[in-house]
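2 protein chains.
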Amino acid sequence: MAAPLRIALAGLGTVGGGVIRLIETNAALITRRAGRPIEIVAVSARDRGKDRGVDLSRYAWEDDMTAMAARDDVDAVVELVGGADGPALTLARNAIQHGKSLVTANKAMIAHHGLELAELTEKAKVALKFEAAVAGGVPVIKGLREGAAANNIDRLYGILNGTCNFILSTMEDTGRDFSDVLSEAQAKGYAEADPSFDVEGTDAAHKLAILSAIAFGTRIDFASVETQGITRIQAADIAQADALGYVIRLIGIAEVDEHSENGEGGQRRLFQRVHPHLVPFDHPLAHVDGATNAVVAEGNFSGRLLFQGAGAGDGPTASAVVADLIDIARGDLGGEAGAPFSIQVSEMETMAPAPSGHRLGRAYIRFTVADRPGVLAEITAAMRDAGVSIESLIQKGRHEEGGNVLVAMVTHEGPEARVSEALRLLEGSPALAERPLVMQLLGE
Amino acid sequence: MAAPLRIALAGLGTVGGGVIRLIETNAALITRRAGRPIEIVAVSARDRGKDRGVDLSRYAWEDDMTAMAARDDVDAVVELVGGADGPALTLARNAIQHGKSLVTANKAMIAHHGLELAELTEKAKVALKFEAAVAGGVPVIKGLREGAAANNIDRLYGILNGTCNFILSTMEDTGRDFSDVLSEAQAKGYAEADPSFDVEGTDAAHKLAILSAIAFGTRIDFASVETQGITRIQAADIAQADALGYVIRLIGIAEVDEHSENGEGGQRRLFQRVHPHLVPFDHPLAHVDGATNAVVAEGNFSGRLLFQGAGAGDGPTASAVVADLIDIARGDLGGEAGAPFSIQVSEMETMAPAPSGHRLGRAYIRFTVADRPGVLAEITAAMRDAGVSIESLIQKGRHEEGGNVLVAMVTHEGPEARVSEALRLLEGSPALAERPLVMQLLGE
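Keeping their order, the protein sequence lines are chains C and X.
First residue of the first sequence: 1, per UniProt numbering; consecutive thereafter.
First residue of the second sequence: 1, per UniProt numbering; consecutive thereafter.
With the rest of the complex left out, here is chain C (with noise of 0.2 Å):
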C-alpha cells in the first residue's frame, strides 16, 4: 500500500463536514480507486466549539487555518472557507507556495483569483482544482478541461444556479409569484436569507467565467459578465412563455465573436451572459427543474455535449471535492505544468468583451401598460421605427393590478440592438407603468 495522501481541511461548515462524512464513509473505496488512503490530517473553522455532527477529536486542530499551509505533514490543502478574497486567498497562496496541491469549492475566489493562483500552482508544480466551484458534483470542469480537450469549443451555455432553477421552476409548477417562491426558498435553506447573490446572477457568472477561461482559452474575465437576475420575473411571464412554448430558466451562455463592424475578419472578443431566457420545450434545459445544474458544450468534433446533476448540497459538492484529491492521489495533476484552466497561463488569449447589438436571436419582451387607448399603437409604432419585427403578441389583463395591462411579445430574429433602440424610443412614455422585461429565446 502506498503512503496515504495527507490532507488538511480548512473551513467545517456544511461543505466541510459533508466531505469528512464521504471520506469516512467511502474510506475503503477510495483508497482502492486512489490507489492510496486519503487521510484527514488537520482541521481548522472560526469556531473550535460549534457541534457540527462529525467527530473530530482524531484530526489535528489548528486556530490559525493559514499555519496548516506550512505543516509537513500535509500534501494538499482543502479550502471551503469562501470570501473571494480574506483568510481563503491568504490560505490558497501560502498552501501552493509552500508545495502543497489545492482544492476548493471556492467559485467567488477563482473568479476573482484563480489566474494568479493557476501561476503559482505552474510554478510549484502542484495542483490547483476546483472541480466544485463549478455546477456541485457534476464534472463539467473535468468534461471541458478533458473529456472535450480536442475541440475547439463553439459556445458554451448551462444552468448554473440551483436556487434560481428552483425558484423558477416552482414558480412553473405552482403558478405562484417570485417573492412568494423565494421566501419558501429561504425557509427550505435553499435560499439565503440575503438572496441577491444568486438571484441576481452573480453566482452564475462567476461560474460562467471559469468555464469561459477553460473552454475558450481566455484569460477570466468575471467583470464582463453581463448580468441580469431573475427577480423581475412574474407567474404572468411564465404563462405566456407557456402559451408559447418555452419555459424561463437562468441561463448563462458564453462565445467567442469572430464579428468584425468593418467586415473583415475581426479580433476574436468574448461575449459571457448570465440572463433569464426562454427556452423551447424540445430543449434538454427545458427539463431541468429543482435545484439541478446543467452544461451544454458544442464543440466542433464532439458535437453538443451536455453534463447535468445536483448543483449544490453538502453530497454533491463533497463529492467533486474527494474527485480532486483523487485525481492528486493518482498523480493526475494535468500534466507537468499544471495548467488548471486546461492551457498554461502565459498562454491563454485576451479577449476583449464582444458587444451584444449586433447579435441576432429573437427577443420575448413584456411591457406593463396602462390600459388606455392608443398605447399598443405607441408601443407597435416604436418596434416599427427600430425595425423590430413582431412575430407574435398577447395583450392580457392583470387582476392583481387595477389598471394595468400586460403586453408580451415575441420578435422574429434580429440584432438586439434593434430591441434597445425600441425600448429607447419608449423611454419616459407615460404609458409604460414600469420598465420593459426583455428575454431573449434560447436559439439552438
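Possibly wrong hints are sitting among the right ones.
Identical copies look the same in the list; a pair holds intra-copy or inter-copy alike.
[As the list claims (entries may be wrong)] Within a straight-line C-alpha distance of at most 20 Å, the following computed EDC-like cross-link-like pairs (lysine to aspartate or glutamate) qualify:
no.	residue 1	residue 2
1	Lys125	Glu347
2	Lys396	Asp371
3	Lys123	Asp332
Keep in mind that the hints were calculated from the coordinates and are not lab data.
Knowing the structure of chain C, use the given hints to seat chain X on it.
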C-alpha cells in the same frame, strides 16, 4: 516546446479518417492544451489504395499493422480496426508489450479482453484508454472513473445505442412500424446492412459491461448481461406507452444486488440488463431523441449525474479518441499503476450474476390475441393466479391484422417472477397469436 506525442493509427475507416481530420484541424489548440503536439507517425489499414478523402502521404504506411507496435518512433498506438479478437487484439497486446500506450474505440474487444489488456498495461506502466468505446464523444468513462470516483455507485443506466434510439424516437414521431424505420435508418447509414448487432442489444450490452466494471469495481461480465432488443416493438406499443405517459427506450441498466434468499446479508451480485423500457415523460432520458446516448450514474454523495451527447459518428468518436491522447500527452495515465477500470484488476471483485425474479418493478405486457369471447378472462385469470396485480388495461383492435386484438396492460409493483409465472400459465394457449412482449417501467 516539449517533444511531440508520436502516434501510430491502425484502421482508416470513418473513425480513423475523423481522427486524422481532427488532429489536423485542431492541431494548434491540441498543442496548447496537451502542452506538446500530437503527431501521427504511421498509419495502417487493410487496403492502401482506397480513397479516404484525407492525405496520407505525410505518414509512414505499414502493411502489417502489428509492426507499428514495434516502431521506436511511436509512443502510443490508436486501434480503430474493430472486432473483439483477430488483428485488433494482436495489435493491442503487442503495442502494450512494447511499452506503448493504447487508445481504442473497440467496445467488443474491451468487453471481451479488457481485463487482460488492463493487466498488461499495469505491468508495462503505460495507459490503456477507451473513452470512445462507450457513448461516442461523451466523456462518460472519465466521468465515472474520475468525476464520480468518490462515490459508491448505487445504480447505473442509460441509452447506449444510437441506432436503436434513432429508430425508437422516429417510430414515436411518425407512428411508423419498426421494419419501415429500420429500412430508412439503413438507407441513411444510421444502421448497418446487418443490423442485428445494434437492434438485438449486443452493442449496448458491450458498453454496459464496460461501465459496470468501472462503476462497481467488478470483473467485466459481458456474458451475464440479460439482453433483449427492440425488434418486436410495434407502433401500437409506442402509442399505448404514450397514452400511459411513457416513451419506449432501449435501456442498459446495472446495479449491485445485495439481496439474499435467506434474508441474511447476502453475497454481492451484479445485475446487468439491456431491455426496452417504458420511461416516464418527466424523466431526463425520455427527452433523449435521435442517435443520442445518455448515461445516468447514481452516487451515494453526488446524487444523479447525467452525461449526454452524440453516441456515434466520426466526429464525436474522434473527439473521444483524441481526448484520450491529450491525457496521455499531458502525462495523466490514471496513476502510476494505470488502472484503466479505475481500480487495479487484481483488486476487482468477481460477482455472480444476480437473478431478476425477486426484483420489484412495474411491467408493461402486450398480448396479441384472437378476437373472441373469453380471452380477456383467460389472461386476467392467469395474472390473478400468479399474483400479478393489474393497474391498467387497454384492449384495442388492430387494423393491420384481421381477427387479432391487442391487449396491453401495466402492472402494479411486484416481483418480476410473478409476471414470468403468469406468462408460463398462458403458454400454449390458443388465444395467444404470438408470444407476449414484456417491458419494464424505468423506476425513479
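Hint by hint, here is what the structure shows:
In the homo-oligomer, the alpha carbons of Lys125 and Glu347 lie at most 20 Å apart inside one protomer (17 Å), although the nearest pairing across protomers, at 31 Å, exceeds that limit. For a Cα distance limit of 20 Å, the shortest separation of Lys396 from Asp371 inside one copy, 10 Å, qualifies, whereas the shortest one across copies, 53 Å, does not. In the homo-oligomer, the alpha carbons of Lys123 and Asp332 lie at most 20 Å apart both inside one protomer (17 Å) and across protomers (19 Å), since each shortest distance falls under that limit.
The structure fails none of the hints (numbered hints given earlier).
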